[in-house]
Amino acid sequence: MKSYNDKNRRNINIFLSIFAFLWILPFLYVVINSVKTRKEYNMGEFWDLPKGFSILENFEYINDRIDFMMGFLNSLLYGVIATTLAILFASLAAYAISTLKIKGKMFWFMLIYSGTIFPFQMYIIPIFRMYSNVDLYDTKIGLLAVYTALCIPFCLFVLRNYFYSIPKELVESAKIDGASDFKIYLSIFMRMAKAPIAACFLFQFTWVWNDLLFGLTLSKSAEARPIMSSLSLLNGAAGTNDVPSALLAAIIASIPTFFIFLILNKSFNYGFPTTSK
Amino acid sequence: MEIVKSKLSMKSKIGKIIPYLYLAPSVILVVIFCIYSDFFSLIVSFAEWDGLNEMNFVGFQNYIKMFQDPNFLLSSLNTLIWVIGTLLIPVSIALIFAIAITHVKTQSFFKTVFYLPNALSQTIAGIILTTILSTYGLPHLLGVLGFESLAKDWLTVPYLNTVIMVVSSGWQGIGMNLILFIVGLNQIPKEPIEAARIEGAKGIRLYTMVILPLLKPIMLIVLLMSLVNSFKSFDTIWVMTNGGPFRTSETLAVTMYKEAFVHNQLGYGSAIAMFLSVTVLIISWFLLRDTFKGEE
Numbered sequence: 000m001k002s003y004n005d006k007n008r009r010n011i012n013i014f015l016s017i018f019a020f021l022w023i024l025p026f027l028y029v030v031i032n033s034v035k036t037r038k039e040y041n042m043g044e045f046w047d048l049p050k051g052f053s054i055l056e057n058f059e060y061i062n063d064r065i066d067f068m069m070g071f072l073n074s075l076l077y078g079v080i081a082t083t084l085a086i087l088f089a090s091l092a093a094y095a096i097s098t099l100k101i102k103g104k105m106f107w108f109m110l111i112y113s114g115t116i117f118p119f120q121m122y123i124i125p126i127f128r129m130y131s132n133v134d135l136y137d138t139k140i141g142l143l144a145v146y147t148a149l150c151i152p153f154c155l156f157v158l159r160n161y162f163y164s165i166p167k168e169l170v171e172s173a174k175i176d177g178a179s180d181f182k183i184y185l186s187i188f189m190r191m192a193k194a195p196i197a198a199c200f201l202f203q204f205t206w207v208w209n210d211l212l213f214g215l216t217l218s219k220s221a222e223a224r225p226i227m228s229s230l231s232l233l234n235g236a237a238g239t240n241d242v243p244s245a246l247l248a249a250i251i252a253s254i255p256t257f258f259i260f261l262i263l264n265k266s267f268n269y270g271f272p273t274t275s276k
Numbered sequence: 000m001e002i003v004k005s006k007l008s009m010k011s012k013i014g015k016i017i018p019y020l021y022l023a024p025s026v027i028l029v030v031i032f033c034i035y036s037d038f039f040s041l042i043v044s045f046a047e048w049d050g051l052n053e054m055n056f057v058g059f060q061n062y063i064k065m066f067q068d069p070n071f072l073l074s075s076l077n078t079l080i081w082v083i084g085t086l087l088i089p090v091s092i093a094l095i096f097a098i099a100i101t102h103v104k105t106q107s108f109f110k111t112v113f114y115l116p117n118a119l120s121q122t123i124a125g126i127i128l129t130t131i132l133s134t135y136g137l138p139h140l141l142g143v144l145g146f147e148s149l150a151k152d153w154l155t156v157p158y159l160n161t162v163i164m165v166v167s168s169g170w171q172g173i174g175m176n177l178i179l180f181i182v183g184l185n186q187i188p189k190e191p192i193e194a195a196r197i198e199g200a201k202g203i204r205l206y207t208m209v210i211l212p213l214l215k216p217i218m219l220i221v222l223l224m225s226l227v228n229s230f231k232s233f234d235t236i237w238v239m240t241n242g243g244p245f246r247t248s249e250t251l252a253v254t255m256y257k258e259a260f261v262h263n264q265l266g267y268g269s270a271i272a273m274f275l276s277v278t279v280l281i282i283s284w285f286l287l288r289d290t291f292k293g294e295e
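Protein sequence lines, in the order shown, are assigned to chains W and F. Here numbering that gives the first Met the number 0 is used: the first residue of the first sequence is 0, the next is one more, and so on. Here numbering that gives the first Met the number 0 is used: the first residue of the second sequence is 0, the next is one more, and so on.
What the hints contain is simulated information worked out from the structure, not anything from laboratory work. All values reported here derive from a predicted model rather than from experimental measurement. All residues carry an ideal CB built from backbone N, CA and C; glycine is no exception. Not one of these hints is a red herring.
Here are a few chain W residues that face chain F, going by a calculated C-beta distance under 10 angstroms: (1) Arg8; (2) Asn32; (3) Thr147; (4) Ser253; (5) Asn264.
Using the sequences plus the hints, can you model the full thing?
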């Protein structure tokens, strides 16, 4: 019986290893070819090992071609600011819904949470029109506002659930000590909610960073364009046949989400269950 | 005395309003960007509108046009292929991998490997796989190995490219489902499995009879997320084929975008967006209805 199990386990290991190898292959391709020169890639075979290390030239090329660095910084700005604002606004709303004296708590919750019901395809035409009318099309503020608004419902959902789990006694005793509502929000709720806030930040930052749809729709100049829209220019009319540079850009553009991957991967191994947007 | 009283009541009135101020930023932003947009899309979907001239209301014309438009019908078919392909790869294969992974000792290694492409965005995964599948990449290797007939640009072959893109997005997107399945499998209580083993169930039977039914709640979540996302597939197609050649690989999300922003048919684009939304809502409702029934 035991040898049967061992044999089984070995077969499963072989099965998984073959697929793991397949899963890794594209990464090997990217790493090997991103440091080649364009000529080296076009003349040689993609499985040849690189002769040199032309990262700087490739980076310069891609930066000229699609304003790569500007897209990177724009997305960093959108990711950090929009996510932070969304968490701030959502936590205030979650606090009001879970703790303060307001009427129609369920109504307010559903009103805000309804933002997650429809696919984003429903939003792009109206927001595009609205932005054209108020001169927010192709501006940083415009994209920041959209990203902030669309991050709020998910954050509200997570934070409301967490705020309900905070014991009411804590609030009561703080009130007896004379703390104002806002002070309770800051010193009890926000202080205790570090973990869910971190989770919201990681997920929503990733979403903003990876977004292509709103970047394509609401920006056209490099000044406002987020990174994924910049990268999407590589394939298409203004595309490039400089594959190594494109691959290098892909690597650099993945650095922030790769760090988030490392953080999440660590918590996954502790059995942290989660869902994404 | 009267003045003091009215001042007091003023104060308490303000006190009652203040809690609503905590809600204000969220509510205002969501109403402006989401709820206003939902209604606006609904209204525009009944109009003919290029975005420059006056809106011209045409009743159900856009919806009727949809079902006579070969591009829309092909795009619906492609979307269906995406949905079925998603059930096969990111859901079924993720489940098989998850079951296999729970049987080996190097769980975290395999988890990390299969989750790794998730650290890339769909756009980036699309760019990487496009270059791998270009004539300098994998097809070239197959040509060198003697399969000359395979040495061409697969992404320009209609219909085949949709299948390739589904597989590509499976490579990128399997990780989240896999993690959820593994969490679910590890959470299943040991007793019913032991009991079934004693009864003589093993191998595939043990899974179909005992373990998979216990995994149903997680499976529903994964199914819902994957189905909804596959209906909205956009990024991968946008970068890998841009819907081409000759609009043969478009999905509904791509068709909607192109009609609205390339062909300036905002009304028709909105109608497609409405169709997409209603389809997604119906699927969500069916799946969630079962979940709630399970809880009752």
